[in-house]
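Protein chains in written order, with my numbering: chain A, 1 to 372; chain B, 1 to 372.
Since no wrong hints were added, every one of them can be taken at face value.
Identical copies look the same in the list; a pair holds intra-copy or inter-copy alike.
Quick list of in silico lysine to aspartate or glutamate cross-link-like pairs, DMTMM-like style, CA-CA up to 20 Å:
#, residue 1, residue 2
1, 177, 289
2, 252, 289
3, 90, 76
4, 208, 361
5, 305, 294
6, 305, 316
7, 305, 315
8, 64, 341
9, 340, 151
10, 177, 234
11, 207, 253
12, 208, 248
13, 155, 99
Hints listed in this document are in silico derivations from the structure and should not be mistaken for laboratory results.
2 protein chains.
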Amino acid sequence: MAFDLETSRRTFLKAVGGAVLISAPAAPQLVVPEPPGRKLGWAIVGLGRLAINQILPAFAKCEKSRVTALVSGDPDKAGKLAARYGVDPKNIYNYANYDSVRENPAVDVIYIALPNGMHAEYTIRGARAGKHILSEKPMANTPRDCEEMIDASRKAGRKLMVAYRVRYEPFNQAMIKLAGSRDLGAIKVIVSDHGFNIGDPAQWRLKKDLAGGGSLMDIGIYALQATRYITGEEPVEVNAMQYSTPGDPRFKEVEETVNFQLRYPSGVLAQCTSSYGYSGQNRYRVVTERGWFELEPATSYTNLKMRVGRAGSIEERTMPQIDHFAAEMDHFSDCIMNAKEPLTPGQEGLRDLRIMMAIYEAARSGRTVRLS
Amino acid sequence: MAFDLETSRRTFLKAVGGAVLISAPAAPQLVVPEPPGRKLGWAIVGLGRLAINQILPAFAKCEKSRVTALVSGDPDKAGKLAARYGVDPKNIYNYANYDSVRENPAVDVIYIALPNGMHAEYTIRGARAGKHILSEKPMANTPRDCEEMIDASRKAGRKLMVAYRVRYEPFNQAMIKLAGSRDLGAIKVIVSDHGFNIGDPAQWRLKKDLAGGGSLMDIGIYALQATRYITGEEPVEVNAMQYSTPGDPRFKEVEETVNFQLRYPSGVLAQCTSSYGYSGQNRYRVVTERGWFELEPATSYTNLKMRVGRAGSIEERTMPQIDHFAAEMDHFSDCIMNAKEPLTPGQEGLRDLRIMMAIYEAARSGRTVRLS
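Chain A with its partners taken away, still in its complex shape (with noise of 0.2 Å):
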């Protein structure tokens, strides 16, 4: 599926009343697509949400990856979506007899969707048994399983990916090429703002062994991440506050809230919430000498929506809506089969892990933290 970048520009009308006529389109034609060319075969580990909801649907806009093994602790569970997607019975594995997908040719990558804290076992065995990795955010609980997910991938001659699905929808991308071209002059602040209101206390999110961390390991490493792939840098210094309701069930383990203050070495400053406290807040915005630039959503499935602020005119900018998982997998795909790096390859995680543990530290310490 190519999709055109281009960006189709409308001045943002406020005027109430104000009337927009658009001609009626012509009858579109009936565009039979090409047959595809090779798809590598993908196994999913760990059938939860996201692989139900997200990841297995992806596979019918894939280009280059299909699925072809599902790996769960529940075989019915299994057994129903192996059924449903066409995954042959055979190349159902649980936890136990995992590692024998070395054995299985039909799969050539290895998508790891469970909880953070299994992300490093899974990913080292998955190396271990030959296969490429996508590994879903965060990375892993600590830097140092980040080190050993890497050095397992290169020890196999395999590939590493983190899963971080914004940077392969056009959005954002759109914002990084803005943010890069410096049309709206040098970046000054970065703004960003994550929060959802989490659910059951019983959830994996909410178990400091299973998630490493509340909200800054789910939702705020967005916030991060648009801070740095926006800026093209790294952060050098961070300040943070955390906050936990007290009493409320879901935060015993893990933080409801941590704010967070970056500095990049060109002198951007960046301010950052996180929370599992509240609702809706899915958002960054990039401040510049003559202007700014947001999303809002910035990070959500689906709907994203783009503003470019300058001399006092609000414009909309809309893009491509596409299947974030169904793109990222796809990139995943063609970096292996043309032998090139991709875009979010095992140390990008580990960045944003050592920056989260600096965030932990720095809202502990009541200090700034330095970040070599």
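Chain B: place on chain A using the hints.
Chain B alone, transformed into the frame defined by chain A:
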């Protein structure tokens, strides 16, 4: 001037092509306003841009305040403005004979519209001359100066108010009311951004002795104020990061950008940005358990906009757009005539100064500063 604080609401229609039909209003009847009641006489000290463009024109919309005297180092400018605004030429003072305003019964109140570093001296001299004082924000360069201003006014038996303009206009009042109602649940996080691209490097706002500091003293104070009046609490901890572009002639003496984090006793965390280095940032968003509400612009002189988000919908609320300066001056005249304490007395200015000093200290030291 009475105005209706009831908000009118209209659903924020995002769909293009949605049509809104409004029935034609009846021809308005000519309403002859009642003659005004008693008005207090005001002297304006410092005839700069604020006095000329905002304060003096605002008297036309006042019910309880009229301009009766001018204080300036420039007799020609003062004479022209006196002629335009009907001020008796004998009520024009300069900085040398300012104290003789004591003998002038036409002056009840003095509005200090001088550079920040001069607020203390002219407030103290005005109070000693037996006049009530409205000082522009920030109240002074230091908490010590604020204390001396409060002391002088108390000893003189006169009132002292700080010109926190937006406390007297309907949009910010509606935000405070909505915050207090807990309609959307407890407040969790407040994000506030204020920035404008400052011009002429020679202006007083960029001189340390006249301005006390940079963007924080001038506009960061709006961000800080918003977090205080929305929570109704005093912050207990602050973190900060500061940046000034090396070599920029505007930032030789004062800071360009200072971003800060605040912790409130109830657990509310705030994230604020303040900068002289880019344009058009003027907003705050209050995020609560069940939604959010925001102003953007939040503190500009006109055209404020309020939005409320809950359960996936966004609603715009309209409010009367009034003259903020007329409202604040009439509030103070009313307090004086009716022996009431102003909403933003000297103590309120002092609190902000103490917090701003803590912000600078946090930025300098790289440590969380605790406020008592």
